[in-house]
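Visitor: Okay, here's what each chain looks like letter by letter:
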Amino acid sequence: MHKLLQNAPDQEIMLLGNESLARGAVEAGLAFATTYPGTPSSELSLNLFQISQETDLYFEYSTNEKVALEVAAAAANSGLRTMCIMKHVGLNVAADPLMTLAYVGVKGGLVILTADDPSMFSSQNEQDNRYYGKFAGLPVLEPSSVAEAKDMAKAAFELSETLQEPVILRTTTRINHSSAFVTLGDIKERNTKGEFIKDPMSFVTVPAVSRKLHVKLLENLDKAQAISNRSEHNILTGTGRFGVICNGVSFLYAEDAVKDLGIEDKVKILRIGFSNPMPDQMIEAFLKDCDKVLVIEEGEPFMEEAVRSIAQDAGISVSIKGKGDNLFSRLYEFDPAMVKRVMASYFEIEYQAKEPVDTSNLPEIPQRPPNLCSGCSHRATFYEVKEAAKALDMDTICPSDIGCYTLGFLPPLSTGDFVLCMGASVSSSCGFAKATDKKVISFIGDSTFFHSGMTGLANAVFNNHNFTLVILDNGITAMTGHQPNPGVDMSLFNLEGYNRISIENVVKALGVEHVTVVKPFKVKKSVEAIKEALAFEGVSVIISKEPCALHAKGLKLLKPRAFTVTDRCKNHRDCINEIACPSFFLEDDKVRIDATTCVGCALCAQICPENAIVPLKK
Amino acid sequence: MDIKRLIMVAVGGQGNLLASKVLGEAALICKVPVRMSEIHGMAQRGGVVESAIVFGDASSPIISDGEADLLLGFEPSETLRALNRCNKETTVITNLAPLPPFTVSIGRGVYPEMDTIQALIKERTGSLIAFDAMELAIKAGSPMSTNIVLVGALIQTGILPLTRESVEQAIKTRTKPAFVDMNLAAFNLGFEAAAGAA
Ligand code: SF4
Numbered sequence: 001m002h003k004l005l006q007n008a009p010d011q012e013i014m015l016l017g018n019e020s021l022a023r024g025a026v027e028a029g030l031a032f033a034t035t036y037p038g039t040p041s042s043e044l045s046l047n048l049f050q051i052s053q054e055t056d057l058y059f060e061y062s063t064n065e066k067v068a069l070e071v072a073a074a075a076a077n078s079g080l081r082t083m084c085i086m087k088h089v090g091l092n093v094a095a096d097p098l099m100t101l102a103y104v105g106v107k108g109g110l111v112i113l114t115a116d117d118p119s120m121f122s123s124q125n126e127q128d129n130r131y132y133g134k135f136a137g138l139p140v141l142e143p144s145s146v147a148e149a150k151d152m153a154k155a156a157f158e159l160s161e162t163l164q165e166p167v168i169l170r171t172t173t174r175i176n177h178s179s180a181f182v183t184l185g186d187i188k189e190r191n192t193k194g195e196f197i198k199d200p201m202s203f204v205t206v207p208a209v210s211r212k213l214h215v216k217l218l219e220n221l222d223k224a225q226a227i228s229n230r231s232e233h234n235i236l237t238g239t240g241r242f243g244v245i246c247n248g249v250s251f252l253y254a255e256d257a258v259k260d261l262g263i264e265d266k267v268k269i270l271r272i273g274f275s276n277p278m279p280d281q282m283i284e285a286f287l288k289d290c291d292k293v294l295v296i297e298e299g300e301p302f303m304e305e306a307v308r309s310i311a312q313d314a315g316i317s318v319s320i321k322g323k324g325d326n327l328f329s330r331l332y333e334f335d336p337a338m339v340k341r342v343m344a345s346y347f348e349i350e351y352q353a354k355e356p357v358d359t360s361n362l363p364e365i366p367q368r369p370p371n372l373c374s375g376c377s378h379r380a381t382f383y384e385v386k387e388a389a390k391a392l393d394m395d396t397i398c399p400s401d402i403g404c405y406t407l408g409f410l411p412p413l414s415t416g417d418f419v420l421c422m423g424a425s426v427s428s429s430c431g432f433a434k435a436t437d438k439k440v441i442s443f444i445g446d447s448t449f450f451h452s453g454m455t456g457l458a459n460a461v462f463n464n465h466n467f468t469l470v471i472l473d474n475g476i477t478a479m480t481g482h483q484p485n486p487g488v489d490m491s492l493f494n495l496e497g498y499n500r501i502s503i504e505n506v507v508k509a510l511g512v513e514h515v516t517v518v519k520p521f522k523v524k525k526s527v528e529a530i531k532e533a534l535a536f537e538g539v540s541v542i543i544s545k546e547p548c549a550l551h552a553k554g555l556k557l558l559k560p561r562a563f564t565v566t567d568r569c570k571n572h573r574d575c576i577n578e579i580a581c582p583s584f585f586l587e588d589d590k591v592r593i594d595a596t597t598c599v600g601c602a603l604c605a606q607i608c609p610e611n612a613i614v615p616l617k618k
Numbered sequence: 001m002d003i004k005r006l007i008m009v010a011v012g013g014q015g016n017l018l019a020s021k022v023l024g025e026a027a028l029i030c031k032v033p034v035r036m037s038e039i040h041g042m043a044q045r046g047g048v049v050e051s052a053i054v055f056g057d058a059s060s061p062i063i064s065d066g067e068a069d070l071l072l073g074f075e076p077s078e079t080l081r082a083l084n085r086c087n088k089e090t091t092v093i094t095n096l097a098p099l100p101p102f103t104v105s106i107g108r109g110v111y112p113e114m115d116t117i118q119a120l121i122k123e124r125t126g127s128l129i130a131f132d133a134m135e136l137a138i139k140a141g142s143p144m145s146t147n148i149v150l151v152g153a154l155i156q157t158g159i160l161p162l163t164r165e166s167v168e169q170a171i172k173t174r175t176k177p178a179f180v181d182m183n184l185a186a187f188n189l190g191f192e193a194a195a196g197a198a
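As they're listed, the protein sequences go chains C and F. The opening position of the first sequence corresponds to residue 1 in the numbering used here, with each subsequent residue numbered one higher. The opening position of the second sequence corresponds to residue 1 in the numbering used here, with each subsequent residue numbered one higher.
Chain F with its partners taken away, still in its complex shape (with noise of 0.2 Å):
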């Protein structure tokens, strides 16, 4: 079974986790071996989480640098800052909605222009899709839907060996009974997006 190395970075209560899950207990449902590993640099106090999710038939956890077939970016800039996980043939998904690190709130750093993000990965990676995962949450019903937004973009590349049912079951068995139908709206538009954008 090919390998597919799959990176997520995103900040701290962005929830990734749940994202994680959903597409680990997907890969149970297609029967296809997952590791996955996760760092949080005090997330709760508004670190960075970085998660690596190896599919296929690889045994380590963990994904070096230019190794990312994927990489999914929860917010922009650090998207770009993960660059150096990818090489000139992978894919990269990022959110466009920005959360300004505190730095940058208070005057003291300058966020890169949205522009100039898409241009920078889009010059060095095979390809890029990007759009606002924010807005398409909060039209599913709740800007907390932006990590299944995203993970519907991850599945339409159609680069994982998951299908897009057995994530649909995950979301029906991972995310909470009273989120389920607005996870699946937003599962769609994500799905939708990344159609279009590619």
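Looking at chain C on its own, in the form it has when it is part of the complex (with noise of 0.2 Å):
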């Protein structure tokens, strides 16, 4: 049985942060789920897939948010409790249903997950999406840690049903990639049948519905504030006359740094787990009772403001500080001693901080940047591509999407020069070509197309434009953690009922007149492919179809067969130089491959010019 199904309440288990939600998720009966993969959220939909193999649970791999939240809001308003998942740039694509599904609202209870990533350790941006809960007039909930998201998901599919609106629960990193112990609690029987009743005036938004939601859904962001200014996920704790308003991770800091300054009675602390609409009346009476007030958040200043406001409605002039002023950055995450720092001085509190130990004359220490597993098809197509367009003589710009392969614009195979978002390799390169009279070259995986790539080259054919797409067709969503795609096959997963879909037949149907499929480890024909692709006027596209090293390794349907450098090698070191895989090494000024960690994909062995590079003799 899956662990996050036991039915053992009051045990205490070490759980990470993306179980605890989804625990919480099955507490609360959750009957649908749909997600599109993004860290730091996709373990939470990795365990609810698994637990859908094992109930009759509803699970889905949707083919981006934007699908995934108007499947999920079906769900809802045929009575299911349903949930959504996606990193928080995901909410970007789901954003044209959020807005009018505010209108709609829901029946049974939907919680939208978003997780968002201050510091951007997996992330193009770190933007802060309490604002889309303010934007779309939506409840927005934020757990402080590991235990209380288990228990915040629980109570927003309660929240959501009571509003009959969705709920956004807002997660950063640092609450998804901690583990710390929970206790479990009853599991609520599910629902799974759900019923659709027809109201046309309630469910099809033409004007004259939606004039009549958007006041519904004002009075339920009234009713929201009321229930806001009584929630339990508002905690007031500690006494003084200093304030500090957090949320999130900052309030375990802000705690701690109370702590450790030796400070309790001297302030007490408002923690808004209930950030949208925020507590008025609540903040109100705590500023009243304050001398001096700080706000403690990462990202923008959502609360700072919010408070600023309140404050001058009711005309209090108490000092607010948050961002700025050399207090805290809208930049990054915070942390314990940071915080500690900032409420010191603010606070005016006597304090040492531990002194980080002097590292500024250490050694250069050589980084170790990530890099294309070996054995990676990806890059065999990235010098095949740089071969072809050498061998015209063509000056390229090539930009790139967002999977493992965005990796390719690292020295040396530099290739990946525009990365945006998902699918924006296609439509920007649209634009490049127009704009300039370089030759576009653009790189998108096979789980990226589907998600929106495949608007892009609609576009692209119909508006006539000039590039060659090239598709890096891996059969599976590498980066996210080997994801399922409409591309992918899913008994590899040991999964029936699923239906499977040729990307080739796609690009065919799209209209694209010149469509190859090539093996990219087979280097000669594919430059050849690759070439001809280059040449032609239009829309043209590389399909380079070749499995995931890594999963096809994982999953025992690669068979690795090191090779080796034979003294042919005449130290050339074209191999490393140009395709740096990661198996190669010096030893004695020669170039060696590491046997227990080639997969043996034989491209180094094409392009050494001695053929010096042979499969390892058992």
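Listed below are the simulated SDA-like cross-link pairs for lysine to any residue, each with C-alpha atoms no more than 25 Å apart in a straight line:
# : chain 1 : residue 1 : chain 2 : residue 2
1 : C       : LYS559    : F       : MET144
2 : C       : LYS354    : F       : ARG124
3 : C       : LYS590    : F       : GLY109
4 : C       : LYS390    : C       : GLU532
5 : C       : LYS531    : C       : ASN464
6 : C       : LYS3      : F       : LYS21
7 : C       : LYS556    : F       : LYS176
Quick list of the computed label-pair ranges, beta carbon to beta carbon:
#  : chain 1 : residue 1 : chain 2 : residue 2 : range
8  : C       : LEU420    : F       : LYS88     : 38 to 48 Å
9  : C       : TYR332    : F       : LYS88     : 22 to 32 Å
10 : C       : ALA458    : F       : ASP57     : 56 to 66 Å
Simulated from the structure, these hints should not be mistaken for laboratory data. Note that the Cβ used here is the ideal one computed from N, Cα and C, for glycine as well.
Two independent chains are provided; combine them into the complex using the hints.
Guide: As structure tokens, then:
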């Protein structure tokens, strides 16, 4: 049985934040879940995927976040408790349904989990998704700890049903990827039989209907505000004339700081867990009781601005600080020592920080940047595209996309000139091709292509753009931990009842006239095919098809067969200089291959001018 | 209860995740509150994994620069890189078996001398326990048990509020049944190595 399904109330188990969230949803009787994978939210989806294989929970990996939210909206409006999971930037993709779903509302509880990533550990920006709550007019809940994540996930369903609105549950990386003991609760029975009761005047958002729905939304927001004002998620602790208003993990840092600074009698903390709408009366009462207030929140001054406006409204003139003034930054995540230091300085408390050791005169430590795996087919494709462009003497611009292959921008592959968001490789190619006279070659993975590459490609064909799109089809969503997508063979997961879409057929159906499928580990053939594609006027597509090496190895579909460098090697080092596979190393100034990591893709063997690289004899 | 803060740094694939699991389980056995957090910068693709584990009555799951009581490095150059987490009292434990980054393997970067690494850590921190944990892991049965060798050394310092028995118990329940004996041997070798080094 899945560990999150155990019916053992009051038992304490160690859970990852994402597992805690999943358990909370299970305890709430979650019946339906949709997602597009994205770090730091991926393990939450993975656990629900696993649970769905053991229970009647319906779970799907949707093609993108907009689709995921629309699927979820229907389930929730059929009365099912539903969760829709994505990383922060995913909510941008889902923003269209989000804004109007707020008007329509839900019948069964719908919790939209958005995982923000302050410091951008694995994201292209650090946007603060609390603003989506404000923007759409939806309640936002924010847990501070792993244990609270479970309880809040559970409570979010109740809140959603009380208000008949979706609830945004906002976490940050440090919640999703932290672990702690969590006390299990009861599991509510799951209702998986939905029913949709037709009511066009509530569900069909033509202008006449939407005008009424907007009124309803604002009334709901008033109700939400009243709930926020007495919400158990907004916690007041401590006593004293100094006030701290904080949220999320900042609450933990503030608690530790108060203890470490020994100012338990001087500081009271208002932890906001229900952050949209803000609990205005609670805050007003809090401010009236303070001589000085510090707002501690990662990201944007979301609460700070609200607190200021509440103070202004109530005619309170106490000093309220947060961002700026040498206090907190809008950049990156916070840490306990930073919070301690700022609190000490703002509240004028004597404090001696633990001095980190001096690292100024350490010798340079070689960097350890991530690299494509040994045997990753992307390496071969990048190499071949570069060779083909070189042979045709083409000056190129290479927009890339989001996935493992983004790493192709690093030397020596150095392929990747522009990365924006999912799917932008294709659409930005249209722009670069028109705006410049360079040859544009873009790169997109299979999952990203289904996510939002197809529409860009339709645009390219319709508007008759001129570029080559390389689809890196490794049959899996690799970077986020090997999730399915519509092009994946689901028998790899031992699952039945799915269909599989051929990317080649899709591309042809979109009207692309020059489509070639290559096997990237056949170097010569691939280079020739790519040359033809590059020379084609109009939209050409290369589909480079080869399973993700890491995934195939994990499934034992790939039986590594290592190669070795023989003494025919004349030390040209083309292998190291051009493809930089992590299996290479130098020994006595000679190139060697690490037989324990080489999978035998034979890319290097094919580019060695001396044919010095051969399979290792067992 | 005293708060103890431990930073573990490793290269993807060195098994520090399992090490945290074992320590977490031991904390449960010893009824010590514990919070951990992990950042894996594309670990599977050769990046660095950093875990923070906070034992005792603290709320935060992460550890600021200068605030680690213990630094456990699975790879010597990564131990050195994480030195900013230490203060002058921190106890540092490091494996001495290097895993040179790719840039070094292909001759584009210089790996610091092992003696230099040790001297630099020693002169800046409270104490250093350094030994080849990989060698001991092989002695225990497999290089895969390097992580547990290091856990053994960590427990020997007596800094964490965990008993030796609790960790051995955690090894029995948290590591694969087929490897329990090997891991117990690895734990013991690490424990002894640290005792000898101190
Ligand atoms: S996980 Fe797969 S796609 Fe990603 S770098 Fe490794 S082999 Fe390539």
